[in-house]
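Visitor: The lines below spell out each chain.
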Amino acid sequence: MILPPADPQLENQLSGKPPLRDDTRFAAGRIAVFQYSAVAVFLVLISGFWRLQVQNPEFYDERAQANSIKSVPIPGPRGRILDRDGRVIVDNRSSFSLILAREQAKEEHLRPIAQGLNLDYDDLYARVARMRKAPKYVPIVIKDQLTPGDLDFVESHHDFFPELVLIQAQKRLYPLAGFLAHVIGYTGEISEQELDQPEFARYEPGAVVGKFGVEREYNDLLMGVDGQRQVIVDNRGQVRQTIGIKPAIPGHDLKLTIDMDLQAVAELAMDAPYPELGIDHKNGAVVALDPRNGEVLAMVSRPAFDPNMFATRIRAKDWREIADNPDHPMLNKAIQAEQAPGSTFKPFVAIAGLETGTVDPSWTTHCTGGVKLYDKYQHCHAVHGTLSMHGAIVNSCDVFFYTLGAKVGIDNIAFYGDMAGFGHKTGIDLPHEREGIMPSEQWKIRTYRQKWYVGETPSVAIGQGALTVTPLQLTRAIGGLAVGGKWFEPHLVARPAGKVREVDWNLTPEHVKTVVDGMYGVVNEGGTGGRARLPNVEVCGKTGTAQLASYDYINSVGKGVELRENAWFEAFAPRDNPEIVVVAFFEHGRHGPAAAEIVRDVLAAYFDKKARIQTRKQVQAETSARLGLDLPGAAPAAPSPGTPQPAPQP
Amino acid sequence: MTKYLSARDIDWTILLIVLLICSVGVLQIYSATRDTDSTSSWWKQVLYVAGGIVLMWLMLAVDYHSILHYVPGLYIGSVTALALTFLLGDRVYGSKRWIPLGFGFHLQVSELVKLVIILLVARYLTDLRTDDLELRDLLKLAGLVLVPTILVLKQPDLGTAMTYVAVLFACSFVAGLRWKYIAAIAVVAVLVVPVTYHFLPDYQKARWVGFMNPEGDPQGKGYQSIQSQIAIGSGSMFGKGVTKGTQTQLRFLPVPWKDFIFAAFAEEHGFVGVIGMLALFFVLLMRIVQNAQTAPDRVGMYICMGVAALLLFHVLVNVGMVAGLIPVTGIPLPFMSFGGSSIWTFFMALGLVNNVRLRRFVN
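From first to last, the protein sequence lines are chains A and B. Per this note's numbering, the first sequence starts with residue 1, numbered consecutively. Per this note's numbering, the second sequence starts with residue 1, numbered consecutively.
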């Protein structure tokens with residue numbers, strides 16, 4: 001209720017001022033406008049909340065959950081890698097990485113943090129400064145693989161430096177000094193290019209995958225499946241509550257066919273000095289196979305690299321050192337070196353001659369220190385006189401094989417070489433295998449668009465010319481020949497008997513015997529491979545001395561290391577029913593016998609171990625028999641003939 | 001005159017509504033600070049409210065006509081105090097707004113100046129004794145208001161400075177400012193805003209950019225706005241329940257007990273709660289306007305309309321801000337946001353309204 005002023009005229013009558021207009025009625029309209037405006041304002045506000053809370057609540061609810069519910073990955077550990085006896089070669093270890101959460105990071109903290117963690121302050125400061133432009137929630141990893149001291153520092157300073165956050169990571173632990181490095185390979189974060197490859201299609205960016213060797217070939221088996229922990233975090237990323245756990249699934253352990261004992265011996269043999277040439281270690285490769293099933297027992301390539309350098313981020317300096325090394329440490333020479341096999345190829349020419357019926361085992365030729373073939377005089381390394389095939393293999397007579405090669409012809413040599421696997425990948429379960437070259441008329445036309453010139457055949461017959469092989473190819477080839485013409489696919493992970501691809505070629509047993517006996521002679525009858533002789537084991541072998549260039553060329557440039565002959569030795573044992581075949585490839589070893597020592601060490605280790613195991617099993621069997629026990633491990637061991645059978649229990 | 005006054009005549013509706021809003025505010029402050037270092041805030045707020053009621057009572061005791069005599073002194077005092085804030089003020093969050101009073105108390109002078117501006121505008125407009133506001137008079141009044149406004153702008157505190165202008169504009173409008181002038185002011189404002197943008201301090205520019213395109217920098221300029229909208233939206237129709245709002249409890253929402261308290265409330269109480277709260281504010285506003293309509297004279301009406309304009313502006317800017325309708329500007333929500341200066345200012349403003357109301361039959 002509005003009361004009018006008592007007397008509106010009174011004041012101006014008294015004061016002479018303009019009449020006091022103090023009624024509020026004039027403003028009623030404007031106040032109404034204000035009221036309507038207020039209604040409008042509230043309607044606008046309500047419409048805003050309507051849009052957020054009634055129309056799109058799911059959208060905002062999802063985003064609220066995305067804010068607070070985080071999935072923390074639980075790394076699924078990678079499978080271990082074991083040797084054939086179940087000994088661990090590659091393992092994992094837990095390690096901690098330290099992250100600087102920059103939402104709370106204070107610049108003045110950097111110096112004490114750097115001091116506490118033994119980091120270089122300038123380095124740390126530069127790293128933080130570089131990230132200043134990036135969004136705040138991107139964390140900076142300031143240290144990998146924390147030491148126990150670092151962990152203590154972080155734990156005890158939690159209240160002072162809340163920006164330091166620990167995350168757990170699984171790191172691959174490889175053997176030291178590059179043991180088995182080329183077979184194992186290494187792992188690393190998946191790269192952009194790899195993400196595009198079908199092989200890695202199923203992996204997410206940031207996944208750690210195998211990059212090389214078995215780690216890569218069996219990546220799908222070895223890799224674990226990461227689990228997840230769903231947690232509620234606050235705006236600082238601090239975990240308030242765990243709401244769900246999906247456990248990680250560890251990867252499968254991988255049992256290799258490699259025998260660590262043989263592998264160690266082979267590596268030591270390669271790393272041992274070779275005083276005859278005045279070098280303190282040898283470069284090249286060693287491969288040992290079981291010719292009965294293709295299992296790889298040892299595989300060495302030298303020089304090696306240290307996979308542990310790749311287990312975390314590899315430093316640029318280390319990588320340059322590896323990449324610039326002229327001896328190619330990253331090359332697995334056992335499967336990637338393509339080199340002329342030299343005389344180690346002769347057994348295959350011999351078998352070609354015999355199997356085609358071109359010659360018989362009693363065929364002889366006369367070596368006068370050389371022979372003229374196709375208008376070219378070919379030298380032999382000695383004057384051997386009249387030789388049968390046996391004598392020619394024992395003495396590695398070039399004249400014999402020049403003549404034989406010319407008689408057999410390149411296509412027959414190529415046919416039998418092809419059969420033994422030359423010119424093809426062996427199919428071993430490792431990436432990046434090379435295939436070498438088995439020359440033939442067809443090959444010449446395909447590659448050079450030229451006709452084969454018959455004068456090239458003699459060189460191929462002694463393992464030179466265009467012929468190149470990998471050490472693994474040669475191992476598989478000679479092993480298959482030794483068992484009578486059965487070539488198994490070499491492999492590093494054991495497979496059931498029926499699952500190994502094999503090439504069967506029933507060679508005539510007498511022909512095989514001729515070659516095998518010749519190779520026995522190489523080692524045991526004063527041949528070129530005498531250094532590989534072992535007591536109690538009938539070792540058969542063949543040396544190879546592969547020229548890298550003609551002697552005329554070498555003489556013209558002077559004898560540099562790069563052009564010194566490669567030494568090869570291939571061997572298997574025992575003579576009947578061979579169990580192991582070994583090839584050593586000694587780069588620039590000058591003479592085949594230099595490689596024979598390496599092979600001997602491996603063979604000796606194999607048969608030593610076999611004898612030891614047999615003795616042990618026998619002792620166990622005898623003991624268990626004496627005590628009347630039924631030990632599961634000892635029972636199947638074949639008791640020696642003199643041992644009485646355990647009496648049946650009543 | 002006091003003998004005619006009776007407690008019965010106080011606007012109990014207003015008081016009831018305000019105490020309801022304050023209670024919800026205290027509850028929300030309790031919920032939002034449960035897990036922080038400011039857990040004591042809710043009972044501090046209770047004390048502030050109690051103090052506010054006392055101040056409101058004190059404001060009733062003196063006839064508002066006698067308070068108006070002191071407006072020149074209050075004005076000069078305000079300007080001096082604002083200037084002193086520069087010299088003595090404590091810098092918090094990058095601006096100087098508070099004068100330390102000792103014993104850990106800080107006074108935000110610019111809050112109390114709001115009352116002085118209302119009184120100044122009311123007295124000035126009344127003294128014109130016309131039914132139309134001439135442009136010349138408006139400019140004079142605007143000049144008076146501009147001095148404290150600029151001082152506050154320099155603190156810098158754009159939100160509070162704008163409340164002074166809002167009061168000035170609303171009261172001038174009621175005083176009969178011609179529509180053509182209003183149109184001219186609107187045109188000038190539209191033209192001037194892009195120019196002033198270049199003179200804005202960087203953090204204000206950032207807020208503007210964050211408002212126009214919050215997703216452009218969701219962790220930086222747009223963070224507060226986005227997190228606030230997420231909080232509100234995820235509250236849905238009925239809310240997540242007291243102390244159950246994840247955005248509030250996990251502190252994704254910035255200062256959920258001060259400027260963003262309404263977002264926290266919307267998250268925990270949903271659209272239904274929001275409608276309820278806005279209804280309370282609306283009824284409160286309309287009650288104040290009604291008091292303006294029943295005011296015994298123009299000064300009383302202007303005072304009430306000034307208070308109404310202040311309240312409406314605060315609600316519009318604060319609630320509009322949390323809902324993403326308006327750029328982020330740091331002004332509190334009356335009676336809800338934590339803070340003594342704001343609570344006391346608004347209770348004293350209510351005291352002025354009741355002061356007018358009590359004397360509506362007396363003349």
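Honestly, the hints are just simulated from the structure, not real lab data. Worth double-checking, as some hints may not be accurate.
When the alpha-carbon atoms are kept at most 35 Å apart in a straight line, the in silico DSBU-like pairs for lysine-lysine are as follows [to be verified]:
#	chain 1	residue 1	chain 2	residue 2
1	B	Lys154	B	Lys44
2	A	Lys246	B	Lys154
3	A	Lys106	B	Lys180
4	B	Lys44	A	Lys106
5	A	Lys70	B	Lys258
6	A	Lys106	B	Lys258
7	A	Lys106	B	Lys140
8	A	Lys617	A	Lys255
9	A	Lys70	B	Lys244
10	B	Lys44	A	Lys255
11	A	Lys70	B	Lys154
Visitor: Hint by hint, say whether it matches the structure.
Guide: To see whether the hints hold, each was checked on the structure:
Restraint check for Lys154 of chain B and Lys44 of chain B: satisfied, since their Cα atoms lie roughly 30 Å apart, inside the 35 Å limit. With a CA separation close to 55 Å, the supplied pair Lys246 of chain A and Lys154 of chain B exceeds the 35 Å bound. The hinted pair formed by Lys106 of chain A and Lys180 of chain B fails the criterion: a straight-line CA distance of about 56 Å is larger than 35 Å. For the hint pairing Lys44 of chain B with Lys106 of chain A, the CA-to-CA distance comes to about 32 Å; that is within 35 Å, so the pair holds.
Simply put, Lys70 of chain A and Lys258 of chain B have alpha-carbon atoms about 28 Å apart, close enough for the 35 Å limit, and the pair holds. About 26 Å separates the Cα atoms of Lys106 of chain A and Lys258 of chain B, which keeps this hinted pair within 35 Å; it holds. For the hint linking Lys106 of chain A to Lys140 of chain B, the alpha-carbon distance of about 50 Å lies beyond 35 Å, and the restraint is violated. The straight-line distance between the Cα atoms of Lys617 of chain A and Lys255 of chain A is roughly 23 Å, inside the 35 Å bound, and the hint therefore holds.
For the proposed pair Lys70 of chain A and Lys244 of chain B, the alpha carbon gap of about 18 Å is at most 35 Å, so the pair holds. A C-alpha spacing of about 69 Å is found between Lys44 of chain B and Lys255 of chain A, which places the hinted pair above 35 Å, so the restraint is violated. For the suggested pair Lys70 of chain A and Lys154 of chain B, the alpha carbons sit about 42 Å apart, so the restraint of at most 35 Å is broken.
In summary, the numbered hints that this structure violates are 2, 3, 7, 10 and 11.
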